[in-house]
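A.B. asks: Given the coordinates of chain A, work out where chain B should sit on it, guided by the hints.
Residue numbers (my numbering), protein chains in the order written: chain A, 26 to 524; chain B, 211 to 449.
Source of the hints: derived by calculation from the structure; they are not laboratory data.
Hints should not be assumed to be uniformly reliable.
To be verified - Here chain A is said to cover these stretches of chain B; the calculated rule only asks that three of the stretch's residues, wherever they fall, bring their Cβ under 8 Å from a Cβ of chain A:
1. 331–342
2. 393–403
Claimed, not checked - Simulated pairs of lysine-lysine, PhoX-like, Cα-Cα distance not exceeding 25 Å:
3. B:K262 x B:K276
4. B:K276 x A:K487
5. A:K495 x B:K287
6. B:K276 x A:K495
Claimed, not checked - Here are some chain A residues pointing at chain B (derived, C-beta under 8 Å):
7. Y291
8. T293
9. Q417
10. K495
Keep in mind that this is a model prediction, so the values were computed, not measured.
Even for Gly, the Cβ is constructed at its ideal location relative to N, Cα and C.
Chain by chain, the residues:
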Amino acid sequence: MLKRSLIAFGIILVAAGGTLAKKEPAVSASASKQKQLALVRVNVTGQSYDYFRPWQKKAPFSKRALGAVLSKGRVLVTADLVTNQNYVELERAESGEKTAANVQVIDYEANLALLEPAEKTFLDGITPLEITPDTVVGDRLAAWQLEPTGALLATEGLVTTVQMMPYPIDVGQFLTYRVSIPMQYRENSYTVPLVKNNKLAGLLLRYDSRSQLLDAIPAPIITHFLKEAESQQYRGFPSAGFSFFPTRDPELREFAEEKGKGGGVYVTNVEPGTPAMKAGLQVGDVVTAVGNHEIDQNGNYVDPLYGKIEFTNLLTAHAYAGDVVPFHIQRNSKPMQLNVTLEHRDAKDYVSPPYYLDQPPRYYVLGGLIFQELSRQYLKEWGANWQREAPQRLVYFDHFQSELFPERNRRIVILSQVLPANSTIGYDDLAYLTVTKVNGRGIKSLDDLAEAVKHPIEGFIKIETEEDPKQIELDATQVAAEAPELQENYGISSLQRLQ
Amino acid sequence: MLVSSVIPGGPSDGILRSGDVLLAIDGHPIASDANVELEGERAQFEEVVERKFKGDSVKFDMLRNKQPTTATIKLYKPWPYSVQGHSYDVRPRYVLYGGLLFQPLNLDMLEAYRTTDLRLRHFFEYFILEQIYLQHPDVIVLSNILPDPINTYLAPYRGAIVDEVNGKKVRTLDELAETFAHAPDQLVIRMIGDGPPLVLDRTKVEAARERIKARYNVAKEQNLEERPGSGAPAQANKI
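The shape of chain A in the complex, shown without the other chains (with noise of 0.2 Å):
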């Protein structure tokens, strides 16, 4: 009888805890107007790269967005809001004080910056925002927007989801929460903070206004990118460099020599020079357990806070660049451990670089021609759709990159346009074609490509492609006597750019 009541005791105790925290909201109003919001707003302008005309930047944009403040009078915000920033200023939400402000650390992949006032005093007065690390699902969270007046709008939501997933530079996936959450329109809207308790749960990544569906970038990899950020030099996020894939398929597992009911991933690729590759990692390798978390067949490992998720968060979210991880694989049916030294793998170290910001493009423009390096920045000047829109081969090369060029050290030169201009005439319909030889020697990037066109063959500048027509070649003294006629008629201020 006793226990009876006892239950039932829980079970009320359960439901009021449910409707208490639904009456006091993750932030309560009252506590925020006692001090000031650590909250300010960051006014920044821009340019970015125009990669059709690449001696040229595209027309200012700006952007009004929101900052956290954290200690040490850092202003967190998201890294897209920066890149390719003109000038950034940060501005007082209550008093409309502002100051300019310097990109102090930035990480494209978790989509992460921080900021820093020029003026040490700034930030004077505010409490900066801790960082809760332990939202899980069920959490109600509110997201902090500013009104024009400068008062808080919270919005909450409810975490529905924690898992791996895309961010906005696709290189691997990052721990991410999903919010249910009916998010208003503000001018500011760009970086906005959600919180928990007062504490910072996460940021905005992307918000999807149809179905309310809110993705954050978590704590957990706030305080990932801050820690790194505490280093002499910011590396970024680990990755280990191989592809797997689920061994559900009895098939499959038998195949693998896989015994039992047992988890694990089956490794499909190892990509050279990776860690994984020197650590001595093989297809057809299946990895159990990544530390003393044993992986099931689906690739996930039981978080003690998260439940079952993706394992690669094990490689992210909980390792730094440096950390020896052991792998726990079977080979042949029999088990072994092979110790993995993770490393962040540059943009710089892909055949076509993922991203290429806050740094002019490289090209060269002989006789009209211009030479440029694929990279997935390049396509992404077709826009949202861009691997629809973009040349179709290019991108077949973007996405097969490990693929089709598993040497890595190189870059694909490509003939991405022709001006219009005497020494090109009957070649200005060219476009996107990939540059093989130039005067008979093998390119692998634009340097290459300078230095080749300095040999002329006979007078002439061959140069070879793998599409049709080939090979074009030019006058390398008419391309010399016109290069000046040609920048003036075009407005390039210089002909190549290759640091």
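C.D. replies: Okay, now just chain B, sitting in the frame of chain A:
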């Protein structure tokens, strides 16, 4: 007109060479923009070829190594081109094994599945230019799966291109059918790219055979012949 490349296996293979300069086609002088004058109008020089029929010849006046010479080319339609065009009055070729439908890549198949797969589109688009036809006369696609307990985990392989079976390259659909007909106990099918191998147990496939045929009303498990439909009238090719 400068010849930049010659398609291997095509009518000009072994006759024209990269570096030849074509001066005239059937006596019509070719201008530097590749146009000729035909019946008082200027047209692209290919027009001369397009006005001919299979089995006709075309004659070029040209310069090779700065020496004038001539070349005569007998015209026919090289088979790789048929992959990129529509076929009429021809039953589609296929092999069905363990509920897995394998079909050669061609325009009709691509349109039927409305595929947006980057790799399939690339293999189709560059079938001739990248000479894919030399390695893969048939680009064999796992185009569809008739669901059955034996293939329930195989959905991720859909749209993949078969490269080899049990370590042996498979170049044509006939070779694939032959491999399946004399299958060892375990079939390990490698697809192009860095995905996992597709593994089949022959005994299980055999056991599922009648079940799949009955469930999906499959009259024939394969069609390897390109056979025009009976009684179809001979038609001129559409242009």
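A.B. asks: Just to be careful, I want the Cα atoms of A:K495 and B:K287 compared with a cutoff of 25 Å; is the pair within it?
C.D. replies: 23 Å, holds
A.B. asks: Does the structure keep B:K262 and B:K276 at a Cα separation of 25 Å or less?
C.D. replies: 29 Å, violated
A.B. asks: Mind checking the CB of A:K495 against every CB in chain B and telling me if the closest is under 8 Å?
C.D. replies: 4 Å, holds
A.B. asks: For the hint on A:Q417, just tell me whether its beta-carbon gets within less than 8 Å of chain B.
C.D. replies: 6 Å, holds
A.B. asks: Three or more residues of the stretch 393–403 of chain B near chain A by CB distance under 8 Å?
C.D. replies: n = 3 at 8 Å, threshold three: holds.
A.B. asks: Taking a Cβ-Cβ distance under 8 Å as contact, does the stretch 331–342 of chain B have three or more residues in contact with chain A?
C.D. replies: holds (count 5)
A.B. asks: Interface hint check: A:T293, Cβ to nearest Cβ on chain B, cutoff 8 Å. Holds or violated?
C.D. replies: 5 Å, holds
A.B. asks: Given the hinted pair B:K276 and A:K487, is their Cα-Cα distance within 25 Å?
C.D. replies: Within the cut-off at roughly 18 Å; holds.
A.B. asks: Do the numbers back the hint for A:Y291, that is, is its least Cβ distance to chain B under 8 Å?
C.D. replies: Holds, about 5 Å.
A.B. asks: Taking only the CA atoms, is the gap from B:K276 to A:K495 under or equal to 25 Å?
C.D. replies: It holds: about 20 Å lies between the C-alpha atoms, which stays within 25 Å.
In terms of the numbered hints stated before, the structure departs from hint 3 and from no other.
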